[in-house]
Amino acid sequence: MNSQERLEKIISLMERDDSIDAPQDTLRWAKNLFAVRAAEPSTLRRWIAVLVSELAPGRPALGERSAAAGKARQLLYQAGDAAVEVEITPKGKSFELNGQFLGEFQEGSIAVLSSEDGSRECGLSEVGGFAFDKVAKGNYDLVVRTEAGEFAVEGLAVG
Amino acid sequence: MINDSQFTSEDARLVLRCRRGQQAAWDELVERYQRLIFAIPRRAGLSEDEATDVFQEVFVTLVQKLDELEQPDRLRSWLVTTAKFKTWAVVRGRKPEAEAGEGEEHSEMMAAIADDSPAADEMLIELEQQHLIRTAVAKLDERCRKIVSMIYLRSTAASYAEVAGEIGVGETSISPLRARCLKKLEKLLR
Chain A
1 MNSQERLEKI
11 ISLMERDDSI
21 DAPQDTLRWA
31 KNLFAVRAAE
41 PSTLRRWIAV
51 LVSELAPGRP
61 ALGERSAAAG
71 KARQLLYQAG
81 DAAVEVEITP
91 KGKSFELNGQ
101 FLGEFQEGSI
111 AVLSSEDGSR
121 ECGLSEVGGF
131 AFDKVAKGNY
141 DLVVRTEAGE
151 FAVEGLAVG
Chain B
1 MINDSQFTSE
11 DARLVLRCRR
21 GQQAAWDELV
31 ERYQRLIFAI
41 PRRAGLSEDE
51 ATDVFQEVFV
61 TLVQKLDELE
71 QPDRLRSWLV
81 TTAKFKTWAV
91 VRGRKPEAEA
101 GEGEEHSEMM
111 AAIADDSPAA
121 DEMLIELEQQ
131 HLIRTAVAKL
141 DERCRKIVSM
151 IYLRSTAASY
161 AEVAGEIGVG
171 ETSISPLRAR
181 CLKKLEKLLR
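Keeping their order, the protein sequence lines are chains A and B.
According to the working numbering, the first sequence is numbered sequentially starting from 1.
According to the working numbering, the second sequence is numbered sequentially starting from 1.
If you are wondering where the hints come from, they were derived from the structure by calculation, not from laboratory data.
Among the hints, a few may not be true.
[As the list claims (entries may be wrong)] So the derived label-pair ranges between C-beta atoms look like this:
hint, chain 1, residue 1, chain 2, residue 2, range
1, B, 121, A, 51, 57 to 65 Å
2, A, 6, B, 93, 23 to 31 Å
3, B, 155, A, 129, 44 to 52 Å
4, A, 134, B, 157, 41 to 49 Å
5, A, 154, B, 173, 53 to 61 Å
6, A, 48, B, 93, 49 to 57 Å
7, B, 172, A, 137, 49 to 57 Å
8, B, 23, A, 87, 48 to 56 Å
9, B, 159, A, 154, 57 to 65 Å
[To be verified] Cut-off 30 Å, straight-line C-alpha distance, at most; resulting in silico cross-link-like pairs (DSBU-like, lysine-lysine):
hint, chain 1, residue 1, chain 2, residue 2
10, B, 139, A, 31
11, B, 139, B, 184
12, B, 139, A, 134
13, B, 184, A, 9
14, A, 93, A, 31
15, B, 65, A, 31
16, A, 71, A, 9
17, B, 146, A, 31
18, B, 146, B, 184
19, A, 31, A, 9
20, B, 65, A, 9
21, B, 146, A, 9
22, B, 146, A, 71
23, B, 183, B, 139
24, A, 31, A, 91
25, A, 9, B, 139
Just so it is clear, CB atoms sit at the ideal spot from N, CA and C, and this is done for glycine as well.
My request is simple: use the sequences and hints to build the entire structure.
Written out as structure tokens, the structure is:
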């Protein structure tokens with residue numbers, strides 16, 4: 001089937017499409033179903049990560065010339081067989097939080113940054129990287145969720 | 001006719017995110033499939049109330065089985081098959097009444113979707129293809145999405161003048177814009 005034929009078929013299918021949305025209240029009901037699942041006790045393992053090193057801003061990392069030292073605060077946490085690297089960089093009035101999960105993880109794993117004001121999440125990149133921008137000064141919990149369980153950095157002070 | 005590989009990998013990612021407890025992923029999954037799941041019992045001739053029951057049963061089953069789906073990339077097939085069997089159960093449960101009260105054409109329509117005959121398969125294939133097209137339309141930029149939806153996805157197609165008014169361009173621009181948008185859509189489904 002060439003492009004033109006495929007296009008004609010697509011148009012014909014669209015023109016015959018008489019489907020309608022499910023009723024709004026049914027749709028809301030279906031979305032709320034998930035809350036029941038979320039409320040069930042989690043069987044995931046949880047590791048609390050401990051801080052193993054912290055490099056304050058302006059201090060060079062091992063092997064780095066002092067002139068190259070930036071404004072970023074670098075932290076390394078360990079939890080079980082895994083580690084989490086976190087880098088906090090001031091950006092104007094807020095901060096950028098970048099990091100990398102160093103351990104086994106699968107596609108779909110996420111990092112969740114939460115505080116009393118709410119939570120944000122982002123998927124891990126192929127190399128386990130994650131990034132949160134516009135992070136306000138405050139205390140946060142950072143959790144990396146993988147198939148194996150949760151790796152939690154609790155009480156991460158930003159700013 | 002339609003290459004669904006990018007959609008199946010998106011489905012797999014959605015399932016994985018749901019397994020990790022992400023409500024946003026579940027909402028996206030429900031939004032993505034609600035029309036298709038509601039259309040299956042409706043196309044089989046079930047009433048809106050019966051179709052709603054089927055719809056709810058499908059999603060209850062999915063939320064219960066989320067962790068057991070062996071092939072998350074085959075979510076669409078799983079949902080369609082589940083909706084088909086649940087529709088079938090309703091049809092079988094009320095068949096005498098339906099045949100007596102709603103005529104031969106209605107019974108044939110129900111039978112067509114609720115069995116394994118080629119006609120049933122064709123109907124489901126068409127519903128699935130329409131679902132994939134709607135999913136692809138949702139991926140178009142806003143202007144193209146409006147143009148394609150207004151012209152092709154409404155029960156009554158919008159006129160070029162209406163579309164032009166909606167997106168804020170001259171009426172003469174609509175024909176070339178429509179062609180470009182269709183090309184983009186075709187590329188997404190290639």
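Verification of the hints:
At about 59 Å, the beta-carbon gap between residue 121 of chain B and residue 51 of chain A stays in the expected band of 57 to 65 Å. A hinted range of 23 to 31 Å for the beta carbons of residue 6 of chain A and residue 93 of chain B is inconsistent with their spacing of about 41 Å. At about 47 Å, the beta-carbon gap between residue 155 of chain B and residue 129 of chain A stays in the expected band of 44 to 52 Å. Under the hint 41 to 49 Å, the C-beta atoms of residue 134 of chain A and residue 157 of chain B, about 43 Å apart, fit the expected range.
At about 56 Å, the CB distance of residue 154 of chain A to residue 173 of chain B agrees with the hint of 53 to 61 Å. Taking the beta carbon of each, residue 48 of chain A and residue 93 of chain B are about 53 Å apart, inside 49 to 57 Å as hinted. At roughly 55 Å, the beta-carbon separation of residue 172 of chain B and residue 137 of chain A lies within the given 49 to 57 Å, and the hint holds. For residue 23 of chain B paired with residue 87 of chain A, a C-beta distance near 29 Å fails the hint of 48 to 56 Å.
Look at residue 159 of chain B against residue 154 of chain A: about 60 Å separates their beta carbons, and that is inside 57 to 65 Å. Between residue 139 of chain B and residue 31 of chain A the alpha-carbon distance is near 22 Å, which keeps this suggested pair within the 30 Å criterion. Between residue 139 of chain B and residue 184 of chain B the CA atoms are separated by roughly 10 Å; this keeps the pair inside 30 Å, and the hint holds. Simply put, residue 139 of chain B and residue 134 of chain A have alpha-carbon atoms about 27 Å apart, close enough for the 30 Å limit, and the pair holds.
A C-alpha spacing of about 15 Å is found between residue 184 of chain B and residue 9 of chain A, which places the hinted pair at or below 30 Å, so the restraint holds. Only pairs whose Cα atoms come within 30 Å are accepted, and residue 93 of chain A paired with residue 31 of chain A is rejected, the gap being roughly 37 Å. Distance hint between residue 65 of chain B and residue 31 of chain A is fulfilled; the C-alpha atoms sit about 16 Å from each other, no more than 30 Å. With a C-alpha separation of about 57 Å, the suggested pair residue 71 of chain A and residue 9 of chain A falls outside the 30 Å cut-off, and the hint is violated.
For the suggested pair residue 146 of chain B and residue 31 of chain A, the alpha carbons sit about 26 Å apart, so the restraint of at most 30 Å is met. Taking the CA atoms of residue 146 of chain B and residue 184 of chain B, the gap is about 13 Å. The hint holds against a cut of 30 Å. Simply put, residue 31 of chain A and residue 9 of chain A have alpha-carbon atoms about 33 Å apart, too far for the 30 Å limit, and the pair is violated. Under the criterion of a C-alpha separation no larger than 30 Å, the hint pairing residue 65 of chain B with residue 9 of chain A is inconsistent with the structure, at around 35 Å.
Distance restraint check for residue 146 of chain B and residue 9 of chain A: the Cα-Cα separation of roughly 20 Å lies within the 30 Å cut-off, and the hinted pair is therefore satisfied. For the hint pairing residue 146 of chain B with residue 71 of chain A, the CA-to-CA distance comes to about 46 Å; that exceeds 30 Å, so the pair is violated. Using a Cα cut-off of 30 Å, the hinted pair residue 183 of chain B and residue 139 of chain B holds, with the two alpha carbons roughly 13 Å apart. Between residue 31 of chain A and residue 91 of chain A the alpha-carbon distance is near 37 Å, which puts this suggested pair outside the 30 Å criterion.
As the CA atoms of residue 9 of chain A and residue 139 of chain B are separated by approximately 19 Å, the hinted pair is consistent with the 30 Å bound.
The earlier numbered hints that this structure contradicts are 2, 8, 14, 16, 19, 20, 22 and 24.
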